[in-house]
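Novice: So the chains spell out like this:
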Amino acid sequence: MMDATRGALEGSAGTRPAKSATESPTRLHAPLELRNFSAGYSASELPVVDASFVLERGSMTALVGPNGAGKSTMLKGILGLTPVHDPSAARFFGEPLERVRGKVAYLPQRSELDWSFPASALDIVAMGLYGRLGLFRRVGRAARAEAREALALVGLAHAQDKPIGELSGGQRQRVLVARALVQRAELVLLDEPFANVDEVTEQTIARVLQELRAQGTTILAVHHDLGTVRSIFADAILFNTRVLAHGPVRATLADASVARAYGLALNTAPDTAHDAERNS
Amino acid sequence: MTQNLLPLVLAEIGRNTLVALLGCALFGAVAGAVGTFVLARRQALIADVAGHASLPGVCIGFLLGEALGVGGRTPWLLVLGASCSALLASVSVPALARLRGVGPDGAIAVSLSFFFGLGTVLLSSVQSHDSGAQGGLRSLLFGSVAGTTSADIVALTALACVALLVLVTFFKEFAALAFDESHARSVGLPVRRLDLLLLFLLVVTVVSGMQVAGIVLVVALIVTPAAAARAFRGSIARIVSIGALFGVLSAIAGVALSLRFEHFPTGSAMTLAATAILFATLLLRIRPTRGVVT
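Here the protein sequences come in this chain order: C and S.
Residue numbering for the first sequence follows my numbering, beginning at 789 and increasing consecutively.
Residue numbering for the second sequence follows my numbering, beginning at 153 and increasing consecutively.
These are calculated hints, taken from the structure and not from any lab test.
Keep in mind the model is a prediction, meaning the values are calculated, not measured.
Among these hints, one or two may not hold up.
Unchecked claim - Partial list, computed: chain S residues near chain C (C-beta under 7 Å):
id, residue
1, S265
2, G340
3, S387
To be verified - One-sided excerpt, in silico: chain S residues whose CB lies under 10 Å from chain C:
id, residue
4, P246
5, A249
6, R385
Just so it is clear, CB atoms sit at the ideal spot from N, CA and C, and this is done for glycine as well.
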């Protein structure tokens, strides 16, 4: 069943949706464009150096590279969560991030979060709406209904009232995906969404991302598993501190042999090697 | 226990004590509610620092009141002094933690002991003051509801109301911050300002309860009821509400016990009551579906 799903996903992976004729001005620009982007805590120690690439609208790209290559740092740097050398080196829909925050969703690594926090699955999904709601406004009935809908899309309608501490690792990951879904973003950045998840979760997330892509959403995900990257993603960026290659996933990963010649171990664990969750 | 003691208290005390009781209950509610976020942000020991560090501020407020001729027990001066020193100590912790070899726990120990040491020096200076108005300050360490004036209770209530307002207004933002700071930042929430606001909320709560719960033990009213509430399941709002309820029960039981048994410090009684509730909730935690180990 998994192979069939992968086959179906692979079949649709090569096509990109046509651009809408009624695009807004910001849509004329690439959802994400990096020009000599560098990130890190000090000038002498930059995990990301001079990264340059453009993501086209509706593309679905895996950011692939060895453990410690700086993939997560790049994602966080793009979003201003870690220090960057030049913030203007990253443009979102032709604008700085501050102007288009509502169009961008971020899904951090599951292991970085405090799952003992006393909240239900629905609470966490509703957090995706906080940016849109703004300060002072409460989560109302409509917002809760939207969050419920997103939970249903990831197959967790039954678990909306469940404390997040009681969810399995895969269910937690799906909750985070649902939180990203309610943001209705046009660009979704995900950090290891498929790391240490069960098969149902992997299929569900892959399906949801494909559906988003079909609607024109642009997706960039840190991914470590070369075994699944071809079946889930259309494009890939081969990354190790610098962008080594970017293009259709098969062609780019063919370059992996070149990368190996340089001593890069590509089939590696996620950046954060350990997942401390008890329920995963 | 509370139901049995309450009629006794009401029979023995007058209107002033009833008002004090209600004020303490409000403080307990706020402390128990704020505690959920304090625990989630790993700031329990910052609450302890803020409590201990309010002592030098109170003493400076007292001495200033005496010097200005408005009286050492002027509540707004005590509150202002306590808030300033508690806030200063709280923000000093991350600054000290950045020093090489100190670390967060070392910074907490350095800050807490310095401010408390300074406070005890100033307290001895206050106690040598010849005004006779310093009586209430003696019970500041472990709290005393009997030693408070009606102006003290007004100050307590006003501060608890400010804290409650801040908590209700920024409830969802504090929740987002507590669970996933990176995501909160990515959706454009002003994370740094919210963090400072949470610290302000913590300090206001500490200062609100310092006279009745005592500066040494006020942390217990913030942390223990919230910790007890974690034995329950449900939404953030539900857990925070349960923490608030446990805070109210702890505060009322503490006041009742300290009035019933003389020389029983109010803060100590509140702390014992809160801890008793925490132990009672352990029974919930060992049920298989909610097990301690999950």
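Novice: Look at each hint and say if it fits the structure.
Specialist: Hint check:
Nearest Cβ of chain C to the Cβ of S265/S: about 29 Å, over the 7 Å cut. The hint is violated. This hint holds: G340/S has a C-beta 4 Å from the nearest C-beta of chain C, less than the 7 Å allowed. This hint holds: S387/S has a C-beta 5 Å from the nearest C-beta of chain C, less than the 7 Å allowed. With a cut of 10 Å, the hint placing P246/S at the interface with chain C is violated, because the nearest CB-to-CB distance is about 17 Å.
At its closest, the beta carbon of A249/S sits 17 Å from a beta carbon of chain C; the interface hint therefore is violated under the 10 Å criterion. The interface hint given for R385/S is met, as the beta carbon of that residue sits about 5 Å from the closest beta carbon of chain C, less than 10 Å.
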